[in-house]
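Protein sequences, first through last, are from chains A and B. Residue numbers for the first sequence follow the numbering used here, so the first one is 1 and each next one is one higher. Residue numbers for the second sequence follow the numbering used here, so the first one is 1001 and each next one is one higher.
Source of the hints: derived by calculation from the structure; they are not laboratory data. Where hints are given, some of them may not hold.
[What the hints assert, rightly or not] Derived coverage of chain A by chain B (criterion: at least 3 residues anywhere in the stretch with Cβ under 8 angstroms from a Cβ of chain B; other residues may be distant): (1) 39-53; (2) 57-64; (3) 74-86.
Where a beta carbon is used, it is the ideal one built from N, C-alpha and C, also for glycine.
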Amino acid sequence: MSARVPGPVMVAAGCGGTGRELEPYAGPEGLDGLDFVTRSITLDPRSGGPGPRIAEVPGGLVNAVGLPNPGLEHFLATELPWLVRAGARVVVSVAGSTLGEYADLARRLSRAPGVAGLEVNVGAPDEDGAGLLAVREPFHAAGVVAAVRREFPTDRPVLVKLRPDVSRVVEGARSCHEAGASAVVVGNAVPAAFPDGRSGGLSGPAVAPVALRCVAEVHRALPGVPVIGCGGVRDLPSATAYLDAGATAVQVGTALLHDPTTVARLRAALRPTAHPPAAEETP
Amino acid sequence: MAEERGRAPGAVHVDGEVVASKRVGAYRHLTLTAPGVPERFRAGSFVAVTVAGHVARRALWVHRVRASSAFGPTLDVVVEVRGSGTAWLAALPVGARVTLTGPLGRPFALPRDAVSCLLVGEGYAAAPLFPLAERLRERGCSVSLVVSAPDESHLLSALEARRWVRSVTVLTADGSVGRRGHVADHLHELVERSDADVVYAAGPAAVLAGAAAAAERAGAWSQVAVEVPTACGTGLCHGCPLPVVGEDGVDRVVRACAEGPVVRGDRVRWDAL
Ligand SMILES: Cc1cc2nc3c(=O)[nH]c(=O)nc-3n(C[C@H](O)[C@H](O)[C@H](O)COP(=O)(O)OP(=O)(O)OC[C@H]3O[C@@H](n4cnc5c(N)ncnc54)[C@H](O)[C@@H]3O)c2cc1C
Ligand SMILES: Cc1cc2nc3c(=O)[nH]c(=O)nc-3n(C[C@H](O)[C@H](O)[C@H](O)COP(=O)(O)O)c2cc1C
């Protein structure tokens, strides 16, 4: 597959706003050339969950934001064109409640100008609460990937984002790769609870060791599959830990909420000039 | 209302320094340098401050900016210690470095004409009304200021403001200074008496909702500064839902930090907040 795998630094889904809010902190280049994963987009608009949506815990955040997004149509008319004009390489995160919805999203996004790739969100920490397709088994995830891949041109990447569950992640990565995923994003908010017991997902520095273990296991078992690490990346050491474990790229989420300049700093620090150009970047 | 507003011209993420820290009643007033923030400030915008060892940021209203001082441009915040983050902030010594982002959010809309304005604030949250009063005065507006608090120690001083507003009313719940009572119980009377064209409110939700309702009854506009707990303050995380009715009459949930914190009072769905 010739699809370019993004990286080495990406904005993680749901932590870059609509892009506009990140621009003031994106450094001299702005969003130009930045691999930007959108918040997860659904067919219909969603207003998100009730407050409080986020609680702070030692080392991270518990969130139950509930995937607020304007729905595909509004996204295509407003947010996407803005991101494309700003020069971002837009990876659209898609989420659905049925296989058909994922396929529909992929079909319509395949025709939208400027979509650099898709990221299939199948690892949400509270799928039931969020009304998303329940993806429990590796073959469920692979089924979604196959449905999306069928609708999306092969010269552009389809990423799949998997839960950092070490007992399932290698099988999940294998099945999804066989189903046509160009790369596997390993890491998401980890299923957790708010102090009052409501369901949510834990993110931030606390989850980095969990996702790192999963990245290492996937890379060891499937050295040919591009892996993108996601969870707790906040500075150069936390990013290089993933790259050293075999990841081709990292995604930055919660750290942007703490310091919106994090991605600009990491892009500068990991600029490929220090290394020979990566193979997947030569046309 | 013919209003002028628009977004603050960009926010910056900078390292600043505590140049003064003063206990005033129950609060701690901090004066900070934060290169680029005072210059961009508009009344009603806030800053998000990094607290050591914490992932979420702490939002604070800007109480005052000085264009120049011995330390260059500075800004003042008023901290009420409530939990670990505000306790850390209040304990910062002079000379300590602080990282902050600002100014954030949509500020108060200013009337284009020299109209009559009532400003109502409770507790530390009244902080942004003081720079607002100054701006309104510069535009020739007639300004009545109401400051309230549970008791005197939680009251922001209106001493200086008396010089440039038409009237100051002070209310405390325990009667330790000014009139005794809860401002939320007196809003209709205060709005009627002021004959205001615009009501500006800052404080707990009950005060804001009351001010919005009283303004509507009196045929005045209202602008309210809403505090919804926020993790980032920058609009990135969608973590601070503010239920509103859009211009088109459709119910929506917007981000309090980015589409607010100041919104028209008649747009907020108070029962869903
Ligand atoms: C727009 C805005 C302006 C504000 N301005 C001021 C101000 O000028 N002075 C002041 O003293 N306080 C202000 N606050 C409230 C202040 O941000 C919170 O009191 C503070 O975050 C509590 O932090 P803590 O660490 O002391 O408490 P903790 O209880 O340790 O906080 C735990 C978590 O809850 C969040 N949180 C708890 N209560 C609130 C709250 N009421 N609002 C927002 N987040 C909350 C914190 O940010 C943190 O993530 C403002 C809040 C907002 C949204
Ligand atoms: C506020 C918030 C919103 C998020 N929204 C999404 C989303 O819409 N889609 C998604 O796939 N992941 C979402 N995530 C998960 C992040 O993209 C990321 O995978 C996870 O938080 C772990 O990385 P981090 O520790 O760098 O944040 C969200 C996380 C947070 C904190």
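Here's how the hints hold up against the structure:
no.: 1; hint: 39-53; result: holds (count 8)
no.: 2; hint: 57-64; result: holds (count 4)
no.: 3; hint: 74-86; result: violated (count 0)
In summary, the one numbered hint that this structure violates is 3.
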